[in-house]
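The listed protein sequences derive, respectively, from chains A and B.
Letter by letter, the first sequence follows residues 288 to 693 of the working numbering.
Letter by letter, the second sequence follows residues 22 to 163 of the working numbering.
The hints are simulated quantities; they were obtained by calculation from the structure and are not laboratory data.
Possibly wrong hints are sitting among the right ones.
[Stated by the list, open to error] Calculated cross-link-like contacts (lysine-lysine; reagent style PhoX-like; alpha-carbon spacing at most 25 Å):
no., chain 1, residue 1, chain 2, residue 2
1, A, K309, A, K545
2, B, K53, A, K607
3, B, K53, A, K687
4, B, K147, B, K25
5, A, K532, A, K471
6, A, K445, A, K545
Residues per chain are reported as follows:
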Amino acid sequence: MNPLIEKIRADFPILQQTIHGKPLAYFDNAATTQKPQSVIDTITRFYTEENSNVHRGVHRMSQAATQAYELARQKMADFLNASSSAEIIFTRGTTESINLVAYCYGEAFVNEGDEILISALEHHSDIVPWQQLCIRKKATLKVIPIFDNGELDLDAYKKLLSAKTRIVAVNHISNALGTINPIKEMIQLAHEMNIPVLIDGAQGLSHGPVDVQDLDCDFYTFSAHKMYGPMGIGGLYGKREWLEKMPPYQFGGEMISKVTFEKTTFNELPYKFEAGTPNVADAIGLGAAIDYLGQVGWETIRTQEADLLAYGTQQISAIKNVKIIGTATQKASIISFVMNNIHFFDAGTIIDQFGIAVRTGNHCTQPLMERLGIIGTIRASFAFYNTRNEIDRLVDAIGKVNELFE
Amino acid sequence: MTIKETIEEIISEFSSFDDWMEKYNYLIDMGKSLPMIDDKYKIDSNLITGCQSRVWLHSEIKDGVIVFTADSDAVITKGIVNLLIRLFSGHTPDEILSAETEFLDAIGLKDHLSPTRSNGLLSMIKQMKLYALAYKAQEKPV
C-alpha cells in the first residue's frame with residue numbers, strides 16, 4: 288500500500304475493525320464519510336472541558352465556547368471562500384438548508400404561475416421541498432432532463448430557463464451516479480436572466496475545493512458528515528443580498544434582537560436564521576474536519592480518488608453480468624452498477640459478508656431511477672482512505688454473487 | 022406438523038451448516054422453490070412495507086387454516102419468506118398468533134440477516150400475524 292495512504296488510514300479508528308471476521312472495506316462514503324481521530328477528539332474535548340452555551344454569556348466558558356463556535360463559522364467561510372462569515376448559516380445539514388431556502392426564499396419571491404427548475408439527477412431532498420413550495424404557491428416544478436450516461440442536457444436547460452423561473456436548484460455532484468455537473472456554466476446562464484441558483488453541495492465538498500465567489504452561486508448547501516465531520520451539522524452559504532431579503536425560518540433564541548409582547552425585531556445575519564441553541568460541539572467538530580482536509584491536502588485527495596475511480600471502473604466493468612450506471616465524462620469517485628437478473632438486495636447481502644460496505648437501493652433518487660428504467664443500483668463510493676486492494680476484494684465479492692445467483 | 026415441530030426441524034437443518042455461504046445457498050434454494058403467488062395477487066395492497074426488495078404476501082383461509090403464498094424480486098428475500106410460509110402456512114389463526122419466533126436468532130438469521138428494515142424479516146412476521154388476527158376477528162372466515 289502507498290505509505291501515505293497507510294498513514295492516512297491510521298487517522299481513522301473505525302477503519303481498523305473487522306466485519307464478519309474480515310477487515311472493513313468502507314465504500315459507502317457518499318452516504319457518510321468516516322471521522323478522523325482529530326474530529327472525534329475535538330468533540331470529546333468540547334464536552335469534557337469546554338461545554339457552555341454560546342452568545343450572551345459573560346462568564347469565561349461561555350465566551351470561550353462562543354469564540355470556538357464563531358471560529359468554526361469563519362473556517363467554513365474560508366473553506367468556501369465566502370466573502371464573509373455572516374453568509375454561513377449553520378443548520379442540521381443539506382436537507383435542512385434546502386428546506387430553509389425553499390421556505391424563506393419561496394415566501395418572499397415565489398408566486399402563482401412561477402416556475403422552479405430542478406434536474407432529473409436530484410436527491411429527494413432537492414425535490415420535495417420545492418414540490419411543497421410549488422403546492423403552497425401554485426407554482427410549477429420543471430425538470431432539466433438527462434442523457435442516458437447521466438449528464439444533464441444543457442440545451443434543454445437553456446430552453447427551460449424562462450422569465451417565469453424564480454430559482455434553479457441542482458446538485459454539484461450526483462449522489463447516485465457521481466456525475467459532476469457543469470455548475471459554473473449553469474449559474475452563468477441563469478444569471479444572464481437574473482435567476483438565482485442554489486447548489487446542493489452534499490456531495491460537493493469532499494472531493495475538491497469549492498469557491499462560492501468564483502462559482503457566483505447564490506446558495507450552496509452542505510452536510511459536515513459527508514466531509515469527514517460529525518453528523519447533525521451542516522450549513523447554508525447564501526449571498527448576503529438574498530439572505531437579507533428573506534424572512535426568518537424559525538423563531539426564538541439567538542435569532543431575536545428585541546422582543547415585546549407587541550413586536551419582535553430579528554437579529555442580524557447569520558443569527559437571523561439560527562433559532563435556538565446551536566449545535567456548538569459539532570460545529571467545532573466541522574472546523575476540525577476542515578483542518579484535517581487542509582492537512583491531507585486536495586492534491587493527495589484528488590490523486591487518490593481519481594486513481595480509485597479509474598481502477599474501480601476498469602475492474603468492475605470487466606466483471607460479467609455487471610453494467611455501470613452513470614458514465615459521465617466528469618465524475619466523482621462514485622461507481623453505481625446493476626447486475627443482470629440479480630436484485631441489488633441479494634448482491635448487497637452477499638457483498639456485506641465479505642466485510643465490504645456498499646449501498647444498495649434507489650439512493651433517495653426514485654425519479655432518477657425511473658428515468659433510467661431501473662429500481663436501484665449497487666453503489667460503491669470511494670474516499671481517499673480507500674485502496675486498490677479493497678477494490679480487488681469488492682471485485683472478488685461480485686464474482687461470488689455471480690456464482691451464487693446464476 | 023405443529024409450528025413447534027417445524028421450528029425444531031429448521032433449527033436442525035441450520036445447525037448442519039458450517040459457514041454463512043452454506044446458509045445463503047440454502048436460503049437461495051428455498052427462494053427458488055417458493056410457492057408462487059398467483060399473479061393476480063401481486064398488487065400494491067399485498068406489498069409488505071419495510072423491505073428493500075418488494076415482497077407480495079397473500080393469504081386465504083381454507084377449512085380454518087391460513088394458506089400463505091408470496092413472491093419477491095430478490096432471491097434471498099424469497100428464501101426468508103418461504104421459511105416463514107413453511108412455518109405458518111396451514112395453521113389456524115390461534116396457532117400462528119401464539120407462535121414464538123425467537124428461534125430465528127438461534128439459527129443465526131439474526132447475525133447474518135439482522136431483522137432491520139433492509140430484509141424486512143420482522144415486517145413479514147408482523148404481516149402474517151396481522152392476517153391471523155384479522156381472520157380470528159372475523160370468526161366466520163371468508
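Verification of the supplied hints:
Distance restraint check for A:K309 and A:K545: the Cα-Cα separation of roughly 59 Å exceeds the 25 Å cut-off, and the hinted pair is therefore not satisfied. Under the criterion of a C-alpha separation no larger than 25 Å, the hint pairing B:K53 with A:K607 is consistent with the structure, at around 22 Å. Among the hinted pairs, B:K53 with A:K687 is consistent with the structure: their alpha-carbon atoms are about 18 Å apart, no more than 25 Å. Between B:K147 and B:K25, the direct Cα distance comes to roughly 18 Å. Compliance with the 25 Å bound is thereby established for this hinted pair.
Taking the CA atoms of A:K532 and A:K471, the gap is near 24 Å; set against the 25 Å cutoff, the hint holds. At most 25 Å may separate the alpha-carbon atoms for a hinted pair to count; A:K445 and A:K545 exceed this at roughly 46 Å.
The structure does not agree with the numbered hints 1, 6 stated previously, though it agrees with the rest.
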